[in-house]
Amino acid sequence: MRFEVYRYNPDTDAKPYMQAFDLEVERGMMLRDALLKIKEQDESFAFRHSCGEGVCGSDGVNVNGSNRLACITPVAELKAPVVVRPFPGRPVIRDLVVDMSDFYRQYQAVEPWLKRKEPVPEQESLQTPAQRARLDGLWECIMCGCCSTSCPSFWWNPDKFLGPQALLTAWRFLADSRDQGEEERLDALDGPYKLFRCHTIMNCVEACPKHLNPTEAIGHIRNLMLKKSV
Amino acid sequence: MTLIRKNFDVLIIGAGGAGLNAAVQLADADLRVAVVSKVFPTRSHTVAAQGGVNAALGNVDEDQWHWHMFDTVKGSDYLGDQDAIEFMCREAIPTVYELEHNGVPFSRLENGRIYQRPFGGQSRNFGKEQASRTCAAADRTGHAILHTLYQRNLKARSHFFTEYFAIDLLQDEEGGVTGALVMNIASGEPMLLNARATLLATGGCGQVFRTTSNAHINTGDGMAMALRAGIPLQDMEFFQFHPTGVAGRGMLITEASRGEGGYLINSEGERFMERYAPSAKDLASRDVVARAIVTEVREGRGCGPKGDHVLLKVDHLGEETVAKRLPGIRETSKIFVGIDPAFEPIPVYPTAHYVMGGIPSDRFGRVVAPARHGPEEVVPGLYAAGECACVSVHGANRLGGNSLLDILVFGRLSGLDILDYLREHPRHRQTDSASEEKAMARFRRFDQEGEGIAVAELRAELQKVMEDHAGVFRTDEIMREGLEKMRDIRERLDEVRLHDRSRTFNTARVEAFELENLVDVGMSIITSALHRQESRGAHSRPDYPDRDDRNWMRHSLYFREDDHLDYKPVRTRPLSVDSFPPKERVY
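Quick mapping for you: the protein sequence lines, in order, are chains A and B. Our numbering puts the first residue of the first sequence at 114, with every later residue one more than the last. Our numbering puts the first residue of the second sequence at 979, with every later residue one more than the last.
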């Protein structure tokens, strides 16, 4: 099977190029296995990866036009030639390795920690199974970046629009019965860019390897804002 | 190339649960904390922990930390230090409450309290009924905890050096630790980080084996750095093989699948654990279950066309329970074996999972090594916590749910102890120039030109040797042969060359450093294993089938210099309760 991978090493290459590799495909092979085979042939090929089972979120890449997690993408699902590129819209450091600083900065910008005004109890704070269930589909985010780097609004305004990942995280805390920072969180999301640059294109939902729904989370935040402003 | 130097109060190497829980204590106290990690913090392997964290909260059934302590001592096959175990089991309770207060999305019981599930090796009343002690966030507890701790550190403004690889520790003339030489992976540039205290929290080393639940990054970096600094590794012969890895691939299927009511069957459809552990059955300790599976397969009762695995059944629990309690392993099974465990059993076989041994440390996280005045003298300025450390709370076998507990309790406690240490040691120690030069020489090692052995080739060979010669069952003959092969690999390490010697994000260079670390750690495992002539916990020798308390109730210490071994006694005196004397270990 033919794989075409994006290559760029700023130390040696004047500009990026695509390089083809023909690989023997084995049963059950994931895209990460294919990238590792390429690396065996050419150790200078760089990409991030670690857990190999879709939980650490290191190996997001753009394959045949979609952002996916290489370690849980079966090669059998892909059409040849398999074209593997770095995430779109991010500065390339080398080969498939991109600079994700903007993405992490936006995550940090939503103050992703529990805000409490009252002192905490001696034991655990109580939360009913129903209250806890509101967090399902939110807390499982692995921060791979597949969503935000497939979002046109994020491509154009990565410094001003928070992007689907950070907004999903914002809602994860707004939805938590233990959080007491609702007002300041909503205030911080106000304005034309941070939240409202989302045009519900829904690329993020398509891209999420964990089947989460950032667009829905963004909708919930908008509804809550509306409710509070009435 | 200009060598950048930076000064911090504290240097933490590793951003998993242990490193982050230490960092937050220190950053909250307004100290200058540098956290160095070779991956973005939430990529650390804590993220992959599934089942949960043990604490005797008693949310489901009555429970006591003293029962938890008994189970842990018994699980350790009496090699764990009872003072540290008592301490960990008591600290478990406030530690879990603190996590909850920090935002961990634990699953909940109807009354709003943290959900707790039964896990292997757990009992009430000192070995009687099954306990439910493992606090869980579905089967993604490590993810929930790691992300929360990272978030907590963002709030505390810890300073992260993300994608920096630690090359070696720096020392003063007396061997005290003064920081580390690190490499910025993106630029390939070195940097000297000086600190008044350094914490190693670099996690495990499962990559020494071919089939493992461990991530690509688990290469024993901190352990190897300690070895090169003249510090021994303790109890490295004790390596846990998790009973239920996905057959042929190695990724983990959590013990929670059995905790929730799943069980194992062989090719005859027999629930074979009933023969090996009549009362605990599938929830016996991990070493017991792993040996049972290997025995079933060796005796011809394996499943599949090659008869090389057994089956794990959870389909009788119903789709709703599987979806609610085991969503992560359901996804993993679907993706990697094309099986939905809600309807079909999962093919499983033991997988290299966890190292009980590590850098010898006390219950405050201080690294201790033999010196003039005894076997446990503190190495000034150096701490270790988490899987890279050996306190020892797991002894010869770790209980499921005690790993997250270990990293959290001792990560936190080392943070707090470092606070005291810094008050008493207000000044930076002076790095010895020889130590700096040695570290820089290692940094330049793979600039060597010419043809040689490829990193991937030697790594594959090492992983195969370790799997074949230091696996679930070990005999003198098998290990002796393995040791020879490992020595040969170590010699050929000198012939390794990189084709790609460029600077920018050179992952080949990082993997070359990691290979060196794996070789050092692999040597410590097989050398310690060969010399321990008994079967205890995860160290199982058909040629010495019994535990030998008279000769071997002691900790091994492996030194890199001359592959020398030393021993020290087990601490059998707890802090406040009576000692649990060694007994026959049955489940």
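Check before you lean on any hint, since a few could be wrong.
What the hints assert, rightly or not - Subject to a maximum C-alpha distance of 30 Å in a straight line, what follows is the list of computed DSSO-like cross-link-like pairs (lysine-lysine):
no., chain 1, residue 1, chain 2, residue 2
1, B, Lys1463, A, Lys150
2, B, Lys1463, A, Lys341
3, A, Lys228, A, Lys152
4, A, Lys340, A, Lys273
5, A, Lys150, B, Lys1133
6, A, Lys273, B, Lys1284
7, B, Lys1463, B, Lys1284
No lab work stands behind these hints: they were computed from the structure.
Here's how the hints hold up against the structure:
1. Lys1463(B) - Lys150(A): holds (26 Å)
2. Lys1463(B) - Lys341(A): Answer violated: Lys1463(B) to Lys341(A) is near 70 Å, above 30 Å.
3. Lys228(A) - Lys152(A): Status violated; Cα separation ~45 Å.
4. Lys340(A) - Lys273(A): Roughly 24 Å between the alpha carbons, so the hint for Lys340(A) and Lys273(A) holds.
5. Lys150(A) - Lys1133(B): Status violated; Cα separation ~40 Å.
6. Lys273(A) - Lys1284(B): violated (57 Å)
7. Lys1463(B) - Lys1284(B): The given pair, whose Cα atoms are some 28 Å apart, holds under the 30 Å limit.
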